[in-house]
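Engineer: Since the structure of chain C is already known, use the hints to place chain U on it.
Respectively, the protein sequence lines represent chains C and U.
Heads up: the first sequence is residues 2 to 419, going by the working numbering.
Heads up: the second sequence is residues 73 to 1125, going by the working numbering.
Treat the hints with care, since some could be wrong.
Stated by the list, open to error - Simulated pairs of lysine-lysine, PhoX-like, Cα-Cα distance not exceeding 25 angstroms:
1. Lys399/C with Lys1117/U
2. Lys414/C with Lys495/U
3. Lys414/C with Lys414/U
4. Lys136/C with Lys122/U
5. Lys131/U with Lys136/C
6. Lys132/C with Lys131/U
7. Lys450/U with Lys194/C
8. Lys174/C with Lys1117/U
9. Lys450/U with Lys411/C
10. Lys450/U with Lys414/C
11. Lys1117/U with Lys401/C
12. Lys411/C with Lys414/U
13. Lys495/U with Lys338/C
14. Lys132/C with Lys157/U
15. Lys450/U with Lys278/C
16. Lys194/C with Lys411/C
17. Lys136/C with Lys157/U
18. Lys562/U with Lys495/U
19. Lys299/C with Lys450/U
20. Lys389/C with Lys414/U
21. Lys495/U with Lys194/C
Stated by the list, open to error - The following label-pair restraints were derived from C-beta to C-beta distances:
22. Ser288/C with Arg484/U: 30 to 36 angstroms
23. Ser327/C with Arg484/U: 33 to 39 angstroms
24. Lys597/U with Ser287/C: 34 to 40 angstroms
What the hints assert, rightly or not - From the structure, some residues in chain U lie toward chain C, with a derived Cβ separation under 10 angstroms:
25. Ala138
26. Tyr166
27. Lys235
28. Thr236
29. Leu384
30. Ala391
31. Lys414
32. Gln461
33. Gly697
Derived by calculation from the structure, the hints in this document are not laboratory data.
Every value quoted in this text rests on a predicted model; they were computed, and no experiment measured them.
Ideal placement from N, C-alpha and C gives every residue a C-beta, glycine not left out.
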Amino acid sequence: MIHSLFLINSSGDIFLEKHWKSVVSRSVCDYFFEAQERATEAENVPPVIPTPHHYLLSVYRHKIFFVAVIQTEVPPLFVIEFLHRVVDTFQDYFGVCSEPVIKDNVVVVYEVLEEMLDNGFPLATESNILKELIKPPTILRTVVNTITGSTNVGDQLPTGQLSVVPWRRTGVKYTNNEAYFDVIEEIDAIIDKSGSTITAEIQGVIDACVKLTGMPDLTLSFMNPRLLDDVSFHPCVRFKRWESERILSFIPPDGNFRLLSYHVSAQNLVAIPVYVKHNISFRDSSSLGRFEITVGPKQTMGKTIEGVTVTSQMPRGVLNMSLTPSQGTHTFDPVTKMLSWDVGKINPQKPPNLKGTMSLQAGASKPDENPTINLQFKIQQLAISGLKVNRLDMYGEKYKPFKGIKYMTKAGKFQVRT
Amino acid sequence: MSAAPAYSEDKGGSAGPGEPEYGHDPASGGIFSSDYKRHDDLKEMLDTNKDSLKLEAMKRIVAMIARGKNASDLFPAVVKNVACKNIEVKKLVYVYLVRYAEEQQDLALLSISTFQRGLKDPNQLIRASALRVLSSIRVPIIVPIMMLAIKEAASDMSPYVRKTAAHAIPKLYSLDSDQKDQLIEVIEKLLADKTTLVAGSVVMAFEEVCPERIDLIHKNYRKLCNLLIDVEEWGQVVIISMLTRYARTQFLSPTQNESLLEENAEKAFYGSEEDEAKGAGSEETAAASLPARKPYIMDPDHRLLLRNTKPLLQSRSAAVVMAVAQLYFHLAPKAEVGVIAKALVRLLRSHSEVQYVVLQNVATMSIKRRGMFEPYLKSFYIRSTDPTQIKILKLEVLTNLANETNIPTVLREFQTYIRSMDKDFVAATIQAIGRCATNIGRVRDTCLNGLVQLLSNRDELVVAESVVVIKKLLQMQPAQHGEIIKHLAKLTDNIQVPMARASILWLIGEYCEHVPRIAPDVLRKMAKTFTAEEDIVKLQVINLAAKLYLTNSKQTKLLTQYVLSLAKYDQNYDIRDRARFTRQLIVPSEQGGALSRHAKKLFLAPKPAPVLESSFKDRDHFQLGSLSHLLNAKATGYQELPDWPEEAPDPSVRNVEVPEWTKCSNREKRKEKEKPFYSDSEGESGPTESADSGEQMAELGSSEGVSRPGLSPPFPLSFSEQSEEDGKRKTKKKKVPEGKEASSSDEDSDSSSSTSESEMSSESEEEQLEPASWRRKTSLSTPTVTPPSVQPVSPPAIVSTSLAADLEGLTLTDSTLVPSLLSPVSCVGRQELLHRVAGEGLVVDYTFSRQPFSGDPHMVSVHIHFSNSSDTPIKGLHVGTPKLPAGIGIQEFPEIESLAPGESATAVMGINFCDSTQAANFQLCTQTRQFYVSIQPPVGELMAPVFMSENEFKKEQGKLMGMNEITEKLMLPDTCRSDHTVVQKVTATANLGRVPCGTSDEYRFAGRTLTSGSLVLLTLDARPAGAAQLTVNSEKMVIGTMLVKDVIQALTQ
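Just chain C, same shape as in the assembly (with noise of 0.2 angstroms):
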């Protein structure tokens, strides 16, 4: 299936390959850096990418390009699906995925990636097996290493890839059962100029950081499982139990997990919370335009927007901005035409406003089409949704574990077009 894989760097440097069959030779990449001269932009490189003997199929995350090599026919999902579980999982070893940890981290980059394929098939992805196969580094487990010449690979088979529960390592103990759930919910629109709604959706995920000893069986249920239009689940998941009962029921991984990712359903019409207004206006004669936004709360529930920031592109027309802001800071990338604005919390009682003129280039004509407006917010103690969860329970083991669940709305892709 899955040949080669080449980590590329922005500037085209390839600093990292990996062969699971016969070696291929990077010169296979030169194709790749022709279709990424063509798109011009990193998100505009086609992710499949055929050439004469082989297919090069691309994900960018991170500003790294991971490529994978492949010879035949293997569904492209497959593929990309397993880049991204490579990124994911570097991220959850190293915190952060970034060209200069996995350089540092080289010798145990490759042992992962040598864990995780085999022969070019996936052999071990779970981020709890391989961990116990190749252990993360530490600054503590660095140290202890160097002293006693141990080493962080795991000698026993991890028991988890031939338990029951393959997600799960075993003998997890805590000191401190701790059960949390977040709720996070993000509102995807699109407003139109006159201020209504064309398109409103709410997404919705559970991230769960479990830290329970033992073989907890939890099962989380809801006043109004209802509102879940379209989920989709963590394989831990029963998914009979949800069929019938509507119950969430799992044996959690140990740590970090998204548990569901939902859709809440499109009848139920969206709390638009917040409303933007704005003045965009460029004069055929003048060398100068208006500028004017104002921010303000709308449907919100009685909870603070926090955390806004307004983004826009500028059309290449405008050379510069003068804008005083209410609130918060801004700042106008004069090259890249990108103007954004940190609003921060939003005041009920005084909107925030960002008001100022734009300098058109002299002598050209004004440019034909507006900027839209990108949206950024959060809203704490809130699910927009309405959704909340009933209860948490736990059998199989009979200590009492903390339980802790927390609501948050965000925007996701909200925009407003003028």
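Structural biologist: Same frame as chain C, now just chain U:
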């Protein structure tokens, strides 16, 4: 690009000076001044005895490999360390070896013996890794050794080693394809493996080595379907795509003549518009063709595949979702395909690479099945932050989805897109508008007007693209659009984009009679600039000249000649050719060529309007989700998706031999009937069931359905009947003396059979031979088969499950009723609830009676024995307010008014333990005192026996594999080897019913937990010399684990 230096580095070789050596000091980022002596010290380090030095050296070497540096000259030094004790050094040596063995074959052979030793290691991890490395060394000489190792590993005890063996198969095959026949044998063997760990890997090996040997799948088809949900994600993808191909060869097309029944039943659920529209028509046609063709009935195995893959649409892995989606697209009846849309739309939230692939597939699907995605139209709206390639794909989908009703909204969206800064995207939008205009006649004029407005856009690219699209649209009705053509003609002065200029010229030439005054002028202008034009424009100028010459030779004769002369000396031979050809055609020469008389017909023939088609049309002949589909070209190793067969191949090939246990004289007959058996109830109720089984279960509202989806067709009526019968049975059962029950063993015992049953017995015996589903069918159509009088015989525990389950139990009466009667009350001895001293004279014991509790079938009935050993009467015995954990419920016993000294009494109370072994705490009150007591049930008492045939048992067991299975090995003591004692001990520990079994040293028991009704299946496989293996399959894993513990304790004591 910096690729060039990187590449030359690769060739630089190890000895090259200035070779950066990475890994030694990572912090400084790769710019090192190093010399080739480095390799000498690496060799030195490898030769020392110190593991830490070796490790350091190996790490540096691996870092070099990772950077793509050549480290092959270290081979001899490294390979020596293959037997190193340090596990990490060893691992790194393996990594090195696999990388370079191909280049240094002779030296690599030195390491082989180490691996051969490793293959015999008691540690499964070492066995597996030895096999892994051995098979990864691509040295042809060791092929026989590899073959031997694979064969051995394929029958290894450890499933992990077997999985590694499966992985090794394609490696060996790619090394030496002559081994194919032997490898197929191994594959065949591994395909029969029942563990989920192996399944994915072996199917992958199958796909790489012998995808054409579809016959190997037959016997494993059902098993693979049932295991699927527990296989890891990567395996699921491979298995699903293989099964898609398999199904295409083995089943009939569900779409070619969908039966009336199916169409109607399904429409209510997934009525997509397309189907709606088709519905009326197809009913007639179906009705007409009905006598001619027999109605299509889906093969139960086909249904099984669809049903078992559907839950995987909820997988977190995009690859799995896509695999299921393509399976449904290629295999499911039209009405059911709709379910995949939601899941695919969900994937659009994922990474942009995933979006890219999914959108490509959605684009193909949306051409075939537009109705499917229509509800999700808005999910394809484009955001300014999407990458261009995603935008263009979304546009494609939006265009495919546009129809009469939604076109206004779609066009409004398109309008906003046109003002985007992304010019490629704008161009694509204009084309999309053109396509909408051709497809939907109603909006053609609106679109055309919009496009004409775009002609005054400042961006030349936009104008050019509009011109090209307008040209195509105008061809449809040129007569009305003289004005537009005039407008376009004026544009020739400004537009520089060749394609647009060429389009305008062609339009003017083609419709010169609509613009008779302008056309010659345009030609005049073009003649002036002819030499500076692009080739494509020059060709059109020649065309224009020719056409004008033919229609208006007076004005244009000289111009045409001038243009043709210019073209005659053009650099491009195409243009020279065209000029020569045109001249001969239009200018009458002396020979009076026959052709020139027809020149007008040739040049100005009416031309059909072009059809604007999606580039995704007909892409679905490639299997969706495949690489070939994405590239729209056959990729290496692509397996064509076969067409449906005309006639269904023999479905019996998928039947798996089951050891005979019924006294079945006619084997042939049984085999025949066995087929629908696997279909569950779906065989006949298939069309109505299908995707909807989940909802049905919810309707039933009973947890019993959980473990057997689709097994319980809703019969609300039968419920009420049963509960009435329930009561009757209770009373009846109590009359049966306990002692007798205990003594009668496995043999047929008719002691409990009432007269009514014996009436039935002949019938039930007959039915016993019939498959379950068939049975149910008859019982539905002829209700007389199940007279209420029979019901009391059916086992109590499953009364409430469903009629179907009842009937199953019923028909097996003579062989399986026994164990329930056998469940001995005495075997769970009396346990003390309240001691004489603590109770101040009141002694209370309890036993688990194992009889169904009359009030509530979910309760365990507990017999409580009171005796008064004091010398005063105890009055008003009752249960005080219980403080119970969540879910646990108690049905109190009626108050005992008075208990005289020395007297005893027995009361029955019911406790719903909620399938847990948590203790029920309550107060026992007398008039004067309160005692706190608690009852904790052994896990074996939380269930009630269930009756099933061996086949059913196997099937249910198949559903409860993977994490629901707990296996333990044990040694049976000498005293405990006879059938009788084993059965007795197991049934004493747990309230399970025995399931008949074909082989003598295997014991099977089945039960359901009382509260949730989850199946608990217990298998004891006794091997010679006392070794035995105990397997419990249950959805309730906690119960399973505890049960295993308890049963082992009981057996080994």
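Engineer: For each hint, tell me whether it holds in the structure or not.
Structural biologist: The hints, checked one at a time:
{"no.": "1", "hint": "Lys399/C with Lys1117/U", "in the structure": "holds, 17 angstroms"}
{"no.": "2", "hint": "Lys414/C with Lys495/U", "in the structure": "holds, 22 angstroms"}
{"no.": "3", "hint": "Lys414/C with Lys414/U", "in the structure": "holds, 19 angstroms"}
{"no.": "4", "hint": "Lys136/C with Lys122/U", "in the structure": "holds, 23 angstroms"}
{"no.": "5", "hint": "Lys131/U with Lys136/C", "in the structure": "holds, 16 angstroms"}
{"no.": "6", "hint": "Lys132/C with Lys131/U", "in the structure": "holds, 19 angstroms"}
{"no.": "7", "hint": "Lys450/U with Lys194/C", "in the structure": "holds, 17 angstroms"}
{"no.": "8", "hint": "Lys174/C with Lys1117/U", "in the structure": "holds, 22 angstroms"}
{"no.": "9", "hint": "Lys450/U with Lys411/C", "in the structure": "holds, 21 angstroms"}
{"no.": "10", "hint": "Lys450/U with Lys414/C", "in the structure": "holds, 14 angstroms"}
{"no.": "11", "hint": "Lys1117/U with Lys401/C", "in the structure": "holds, 24 angstroms"}
{"no.": "12", "hint": "Lys411/C with Lys414/U", "in the structure": "holds, 23 angstroms"}
{"no.": "13", "hint": "Lys495/U with Lys338/C", "in the structure": "holds, 17 angstroms"}
{"no.": "14", "hint": "Lys132/C with Lys157/U", "in the structure": "holds, 22 angstroms"}
{"no.": "15", "hint": "Lys450/U with Lys278/C", "in the structure": "holds, 24 angstroms"}
{"no.": "16", "hint": "Lys194/C with Lys411/C", "in the structure": "holds, 22 angstroms"}
{"no.": "17", "hint": "Lys136/C with Lys157/U", "in the structure": "holds, 19 angstroms"}
{"no.": "18", "hint": "Lys562/U with Lys495/U", "in the structure": "holds, 24 angstroms"}
{"no.": "19", "hint": "Lys299/C with Lys450/U", "in the structure": "holds, 23 angstroms"}
{"no.": "20", "hint": "Lys389/C with Lys414/U", "in the structure": "holds, 23 angstroms"}
{"no.": "21", "hint": "Lys495/U with Lys194/C", "in the structure": "holds, 21 angstroms"}
{"no.": "22", "hint": "Ser288/C with Arg484/U: 30 to 36 angstroms", "in the structure": "holds, 32 angstroms"}
{"no.": "23", "hint": "Ser327/C with Arg484/U: 33 to 39 angstroms", "in the structure": "holds, 34 angstroms"}
{"no.": "24", "hint": "Lys597/U with Ser287/C: 34 to 40 angstroms", "in the structure": "holds, 37 angstroms"}
{"no.": "25", "hint": "Ala138", "in the structure": "holds, 5 angstroms"}
{"no.": "26", "hint": "Tyr166", "in the structure": "holds, 8 angstroms"}
{"no.": "27", "hint": "Lys235", "in the structure": "holds, 8 angstroms"}
{"no.": "28", "hint": "Thr236", "in the structure": "holds, 7 angstroms"}
{"no.": "29", "hint": "Leu384", "in the structure": "holds, 9 angstroms"}
{"no.": "30", "hint": "Ala391", "in the structure": "holds, 4 angstroms"}
{"no.": "31", "hint": "Lys414", "in the structure": "holds, 5 angstroms"}
{"no.": "32", "hint": "Gln461", "in the structure": "holds, 6 angstroms"}
{"no.": "33", "hint": "Gly697", "in the structure": "holds, 5 angstroms"}
Every hint, counting from the list given before, is met by this structure.
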